[in-house]
Amino acid sequence: MTAPRAAPARAPLFDWLFILSLIGVAGVLIRIVWFTPYEATQGAAQKIYYIHVPAALSAYLALFVVAVMSIVYLWLRDERSDLLAWSAAEVAFLFTSVVLCTGPLWGKPVWGAWWTWDARLSLTLFLWFLTLAYLVLRGAVEDPAMRARFSAVLGVLAALLVPFIHLSVYLFRTLHPMPIVLKPERPSLPSEMLLTWTLAVFAFLFFCVVLIRARYRLELARQGVGGVTNA
Amino acid sequence: MHRAPGTLHAALIIARKDLAIELRTRSAFLSVLVFTLLALVTFFFAWDQTAVSAVDLAPGVLWVTFTFAGLLGLHRSFGVESPDRAIDALLVAPIEREAIYLGKALANVAFVSAVLAIAIPALALFYNLPFGRTILMLGPVAVLAAIGLVAVGTLFSAMAVNTRLSELLLPMLSLPFFVPVVMASAQASTRLLAGRPLEEAMPWLRLLAAFDIIFVVACTMAYPFTIEE
Amino acid sequence: MSVSAPVVLASALARTFGTRTAVADVHLSLGAGDCLALFGPNGAGKTTLLRLVAGLLKPSAGSVQVHGVDMRRDARSRGRVGFISHHSMLYPALTVQENVAFAARLQGVADPEGAALRALAAMQVDDRAAAPVRTLSRGLQQRVSVARATVHGPDVVLLDEPYTGLDAAGAEALTEMLRAMQAAGATLVLVTHHVDEGLAVATRAAVMREGRLERVEDRPAAGFDVARYTSEYRALVRHA
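As you go down the protein sequences, you meet chains R, S and H in turn.
FYI, in our numbering the residues of the first sequence are -8 to 222.
FYI, in our numbering the residues of the second sequence are 3 to 231.
FYI, in our numbering the residues of the third sequence are 133 to 372.
By construction, these hints were calculated from the structure, which means they are not laboratory data.
There could be a bad hint or two in this list.
As a list, the in silico SDA-like pairs of lysine to any residue whose alpha-carbon atoms are at most 25 Å apart [stated by the list, open to error]:
#1 Lys190/H with Ala220/S
#2 Lys190/H with Phe227/S
#3 Lys190/H with Leu42/S
#4 Lys190/H with Leu67/R
#5 Lys190/H with Pro135/R
#6 Lys190/H with Met223/S
#7 Lys190/H with Lys99/R
#8 Lys190/H with Leu160/H
#9 Lys190/H with Val163/S
#10 Lys190/H with Leu108/S
#11 Lys190/H with Gly130/R
#12 Lys190/H with Ala136/R
#13 Lys190/H with Arg87/S
#14 Lys38/R with Pro135/R
#15 Lys190/H with Thr151/H
#16 Lys190/H with Thr222/S
#17 Lys190/H with Arg99/S
#18 Lys190/H with Ile23/R
#19 Lys190/H with Ser84/S
#20 Lys190/H with Trp119/R
#21 Lys38/R with Gly130/R
#22 Lys190/H with Trp66/R
#23 Lys190/H with Gln214/R
#24 Lys190/H with Gly215/R
#25 Lys190/H with Glu346/H
#26 Lys190/H with Lys38/R
#27 Lys190/H with Phe5/R
#28 Lys190/H with Thr9/S
#29 Lys38/R with Ile23/R
#30 Lys190/H with Glu100/S
#31 Lys190/H with Asp86/S
#32 Lys190/H with Ile62/R
#33 Lys190/H with Asp134/R
#34 Lys190/H with Asp69/R
#35 Lys190/H with Glu231/S
#36 Lys190/H with Leu65/R
Some but not every residue of chain R turned toward chain S, in silico, with C-beta under 10 Å [as the list claims (entries may be wrong)]:
#37 Lys38
#38 Val44
#39 Phe120
#40 Leu121
Positions of the beta carbon are idealized from the N, C-alpha and C atoms, including for glycine.
With these hints in hand, go ahead and build the complete structure from the sequences.
As structure tokens, then:
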């Protein structure tokens, strides 16, 4: 991740980069809906896949930022890394919510069930809870320095937890055969679909980074240029 | 000058003090115990005996109950230091910060173990499980589960006590971390109680042990960051 | 190493809470046997200064050392300090003796129970040794609090309004104890509103206003007049 740069006093939030990323996402959505062929067996519902997976990847990216910035804060005590972690956490919450909403929307027509304890979906559910806990924690602590420290501790511990959740879900599924449903494997996508998918991934990731940056700048502006390091 | 106690010795002194307070008031222990027994009974009446066997159901019931009961007990862990800012005295004492965390965690393990020592036989009683076998199989799992639960819960208790919404925050923070513990304990217990070979339960037990080691270390290291500066 | 190395040394010590400055640019040097009486209106930063010296708060700027060591980093060094604050720092459910003995154990005192009883006797509260703290009046709890903070014979004692709640007998016991400690070479920092009680043991007096130390005067020094200092201080506070 880019290191926090000291932004000018009133860095515009909706600058050209932001607009470009919005255009990117809008463009990809248009392509998904109108310019990508339907998949043979799944029909229209399959198109949600183009949002679901990129959103998940964006969420993981944002959470990675949270984890790294948490460690950086505990090490350097630079207020800016705390603000960046917070911005990334809010964006992560947004994207994990998107994943959890689009999953069932895709799952019901395709699998016949609103929810399955699919490995990725389960992990995302826990990440959603952890991100929510992070945001609630921030709201519950008044002193800024204490808030930053507590959030960073939670960020680091949550990062340690992820492999355990992953392993638990994996063990749960392999040692507990799930009811057999028609579960399409990730299709070997013909070139048009592959292009759409790739574009969607890039558009979402780009949008994710830009959102974090915008949120971070908003917070920097709110708290003063460069952030006064609270000892 | 006096020779200040080392970290482990200081932790034991603090653990002993916490347990002395608990024994004096007894209110938290009794509340948690009653809650646990009531929960075991309530789950029993919600259960269709023809659909699921006792051996399959009982461990899950125990570990879920244990999680929520544990939360009740953990809340008071740092709560005892609050009324007159006794924590300041601990912070000015010639002991490492980690000793405070370890002492409280030790006291919590003792507290939770005491509850389980009554809950597990009660479980065997209510769900018609073989006594000896149940205690033998669930005992070691209980120890591992207790360590994991307490390690994380004690740290979050230290954090939550400094916030508003502390009663809400402790479960919100802790429960995601308890999930691997509950899952592993329940899955391992079910297999052990059903007489399955040990190898079937081993992946879960290994997960539990790894969780315990990693989080005891991580939380001990994280504790000094939760102190006011 | 200089013979007269300062016991408590603060250099450009400052502490802010967000935008509020609680302590600003404090310089302080106290040697063995010194007793600083710190006066000042409410909210002047006296408690914050004491907590900084005790190592409970991190300085925003500057530094503070006790016996040449930063107490936040060196656990062992904290064994030479006793700290008494607004709050009693006692456990209401435990008895008086249990509270003080616990403190003694954490300090590594050889005979914790015996030391506890002696400390309680010095504050004349040993007759209530077996009573739970919550059954004691505020004034008696204060005496126990003093005993708890001094059971290990510290040579630096930080006291934040220790006379609050003490009756005449308790106040006298405390003053006696402070005098004895001072005679034995301890360094004291005493925050108090009771000017006469503060000046009874002080070798130096200072007033703290809006985070800064003012009117630092040594006593006994020629021309130091308790009555004058008291009235000047009262005027200062009234106009704060």
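Results of checking the hints against the structure:
| no. | hint | in the structure |
| --- | --- | --- |
| 1 | Lys190/H with Ala220/S | holds (24 Å) |
| 2 | Lys190/H with Phe227/S | holds (13 Å) |
| 3 | Lys190/H with Leu42/S | violated (48 Å) |
| 4 | Lys190/H with Leu67/R | holds (15 Å) |
| 5 | Lys190/H with Pro135/R | holds (15 Å) |
| 6 | Lys190/H with Met223/S | holds (19 Å) |
| 7 | Lys190/H with Lys99/R | violated (56 Å) |
| 8 | Lys190/H with Leu160/H | holds (17 Å) |
| 9 | Lys190/H with Val163/S | holds (21 Å) |
| 10 | Lys190/H with Leu108/S | violated (29 Å) |
| 11 | Lys190/H with Gly130/R | holds (24 Å) |
| 12 | Lys190/H with Ala136/R | holds (11 Å) |
| 13 | Lys190/H with Arg87/S | holds (18 Å) |
| 14 | Lys38/R with Pro135/R | violated (43 Å) |
| 15 | Lys190/H with Thr151/H | holds (16 Å) |
| 16 | Lys190/H with Thr222/S | holds (21 Å) |
| 17 | Lys190/H with Arg99/S | holds (15 Å) |
| 18 | Lys190/H with Ile23/R | violated (55 Å) |
| 19 | Lys190/H with Ser84/S | holds (21 Å) |
| 20 | Lys190/H with Trp119/R | violated (35 Å) |
| 21 | Lys38/R with Gly130/R | violated (37 Å) |
| 22 | Lys190/H with Trp66/R | holds (16 Å) |
| 23 | Lys190/H with Gln214/R | holds (22 Å) |
| 24 | Lys190/H with Gly215/R | holds (23 Å) |
| 25 | Lys190/H with Glu346/H | holds (23 Å) |
| 26 | Lys190/H with Lys38/R | violated (55 Å) |
| 27 | Lys190/H with Phe5/R | violated (39 Å) |
| 28 | Lys190/H with Thr9/S | holds (23 Å) |
| 29 | Lys38/R with Ile23/R | holds (7 Å) |
| 30 | Lys190/H with Glu100/S | holds (18 Å) |
| 31 | Lys190/H with Asp86/S | holds (21 Å) |
| 32 | Lys190/H with Ile62/R | holds (20 Å) |
| 33 | Lys190/H with Asp134/R | holds (14 Å) |
| 34 | Lys190/H with Asp69/R | holds (15 Å) |
| 35 | Lys190/H with Glu231/S | holds (5 Å) |
| 36 | Lys190/H with Leu65/R | holds (15 Å) |
| 37 | Lys38 | violated (32 Å) |
| 38 | Val44 | violated (23 Å) |
| 39 | Phe120 | holds (5 Å) |
| 40 | Leu121 | holds (5 Å) |
Checked against the numbered hints above, the structure breaks hints 3, 7, 10, 14, 18, 20, 21, 26, 27, 37, 38 and satisfies the rest.
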